[in-house]
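As you go down the protein sequences, you meet chains A and B in turn. Residues in the first sequence are numbered from 1 upward in steps of one, following my numbering. Residues in the second sequence are numbered from 1 upward in steps of one, following my numbering.
Treat the hints as calculated values from the structure; they're not laboratory data. Glycine is no exception: its CB is placed at the ideal position from the N, C-alpha and C atoms. Hints are not guaranteed to be accurate.
[Claimed, not checked] Computed list of chain B residues with no C-beta within reach of chain A, every gap over 12 Å:
hint	residue
1	A2
2	D13
3	V47
[What the hints assert, rightly or not] Facing chain B, according to a computed beta carbon distance under 7 Å, are these residues of chain A, among others:
hint	residue
4	F229
5	Y234
6	R265
One letter stands for each residue in the lines below.
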Amino acid sequence: MTGQIRGPVGSTQAGILGVGAYRPVRVVSNDEICERIDSSDEWIRTRTGITSRRFAGEEETVVSMSVAASEKALAQAGITPDQVGCILIATVTHLYQTPSAAAEVAHKIGATPAAAFDISAACAGFCYGLALASDMVRGGSSRYVLVVGVERLSDITDAFDRSTAFIFADGAGAALVGPSDTPGIGPVVWGSDGSQLDLIRQEESWEDAFRREDGPAWPHLRMEGNPVFRWASYEMAKVAQQALDAAGVTAEDLDVFVPHQANMRITDAMARAMGLPETVAVARDIAEQGNTSAASVPLALERMLETGQAKSGDLALFIGFGAGLVYAAQVARVP
Amino acid sequence: MATTEEIRSGLADIVNEIAGVPAEDVQMDKSFTEDLDIDSLSMVEVVVAAEEKFGVKIPDDEVKNLTTVGDAVAFIERAGS
Numbered sequence: 001m002t003g004q005i006r007g008p009v010g011s012t013q014a015g016i017l018g019v020g021a022y023r024p025v026r027v028v029s030n031d032e033i034c035e036r037i038d039s040s041d042e043w044i045r046t047r048t049g050i051t052s053r054r055f056a057g058e059e060e061t062v063v064s065m066s067v068a069a070s071e072k073a074l075a076q077a078g079i080t081p082d083q084v085g086c087i088l089i090a091t092v093t094h095l096y097q098t099p100s101a102a103a104e105v106a107h108k109i110g111a112t113p114a115a116a117f118d119i120s121a122a123c124a125g126f127c128y129g130l131a132l133a134s135d136m137v138r139g140g141s142s143r144y145v146l147v148v149g150v151e152r153l154s155d156i157t158d159a160f161d162r163s164t165a166f167i168f169a170d171g172a173g174a175a176l177v178g179p180s181d182t183p184g185i186g187p188v189v190w191g192s193d194g195s196q197l198d199l200i201r202q203e204e205s206w207e208d209a210f211r212r213e214d215g216p217a218w219p220h221l222r223m224e225g226n227p228v229f230r231w232a233s234y235e236m237a238k239v240a241q242q243a244l245d246a247a248g249v250t251a252e253d254l255d256v257f258v259p260h261q262a263n264m265r266i267t268d269a270m271a272r273a274m275g276l277p278e279t280v281a282v283a284r285d286i287a288e289q290g291n292t293s294a295a296s297v298p299l300a301l302e303r304m305l306e307t308g309q310a311k312s313g314d315l316a317l318f319i320g321f322g323a324g325l326v327y328a329a330q331v332a333r334v335p
Numbered sequence: 001m002a003t004t005e006e007i008r009s010g011l012a013d014i015v016n017e018i019a020g021v022p023a024e025d026v027q028m029d030k031s032f033t034e035d036l037d038i039d040s041l042s043m044v045e046v047v048v049a050a051e052e053k054f055g056v057k058i059p060d061d062e063v064k065n066l067t068t069v070g071d072a073v074a075f076i077e078r079a080g081s
C-alpha cells in the first residue's frame, strides 16, 4: 500500500446564516375553496385555523419560487452564489422525475457548479435538508449549503375533496447553512414508519393514472385526517422532546417553536402534549399561508422574523412530519 | 377498577379540559358531536387522554362507534376489565 488519501476537513460547527421566503401573489379565501366543496369558512377555520392561503400562478413555478427564496436567504447571510457548494431542494411537487429542481435553481441563481439534488421527504423535507446541510458543512463536503423547501401543492390537491382541498397551498422557503463558531444546529432526531404509508399518499402512480382504461387521469394527494392528527400531535411531541434532549436544552430554554404548519389544531395539541411554556413563541403561519409541506418551516420562521416574534440569536425548535410517514426535528439558532 | 360513575366523571374532566364543555353537561345520554359539540379532532384528543387516564387502548376503528358518553364509558369499562 502506497500513498495515503487525505480525509475531508469540515468546520467544527454549523449554523443557519440566512433565511428567505417566497409567498405566491394570489390569496385564496376559504369562501373561494368552498365554491367546490360542501364546507364553510367557519368549518375550515375551526378545524384547521386556516383563514386564507396562497396559490401559485403560472409563472410562480417550483424553480422560480425557489430562486426568489434562495436569493433572499443568500442576501441575509451575506454570501454570494458562487460560494455555495451544494443546493438541496425538498419538494414533492416538482413534477419532473428528472432532472432535479436543484440543478436548475443552482444555474439560475448563479451557483454553478454547486452540487445539487432534490429530497423527497414530504412535509419533513426542510428538516431533513437542514440535517444533511449541517452534516455536510461539518463533514467538509461543502462550506455553504443552500436548503430550500418548496411546493405547489395546489397542483396535486383535489379541489373537490372535502377532506383536503382547504389544507394545502404553495410557497417556498430557504436557509443558508455554513460554518459557525458555536453549535448553531443541534443533532437531528429523525426517522420513518413505512407501515403507515397509506395515511398520506398520492392516490396512484403516474403510470397507473396515465394508463387508466377510461383515459389518462391526474393523481391527487389523499390523507386520512384523524389518524394523521393523532400521530402528529402525540408521537411528534415525543420526537420534539427527543430533539431537545439531544441538544441538551429544555423547553424552558426555547424562544420559538416552529413546527411544520400542518394544521393549527396539531400545533396546539403538540404544544400541549410537550408542555411547552407560554413564554415560547409558536409559529402560526398556517393561518394565512395554509399547509405548504416542505416549505412551511422556513416560511413560518421568516414570518416570525418579519413580525418580530423571533429575533436573531433566538433558540428555535423545528419539527417536520408527513407522508412516508417520515419525521425530523432539531434545535437551531435563529440567524 | 373504577366504578361507572368514576369513569364518567373522569371522562367529563377530560372533555372539559379539551373542549371547554362544562363537566356537569357530560352525562351518559349525551352525544359527543350532537350535544357536546365535540368535533372529530377533539374526539381524537379525548380518546388519547382517556387511554392515558384509564390505562386502556381505544383503537381508531372503535372511536366511530362511541357516539354517546355512555358508549365511551361502557367501552372503557369493558377494556379495563
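Verification of the supplied hints:
no., hint, verdict
1, A2, "23 Å, holds"
2, D13, "15 Å, holds"
3, V47, "8 Å, violated"
4, F229, "5 Å, holds"
5, Y234, "6 Å, holds"
6, R265, "5 Å, holds"
Comparing the model with each numbered hint stated earlier shows that hint 3 is the single one that does not hold.
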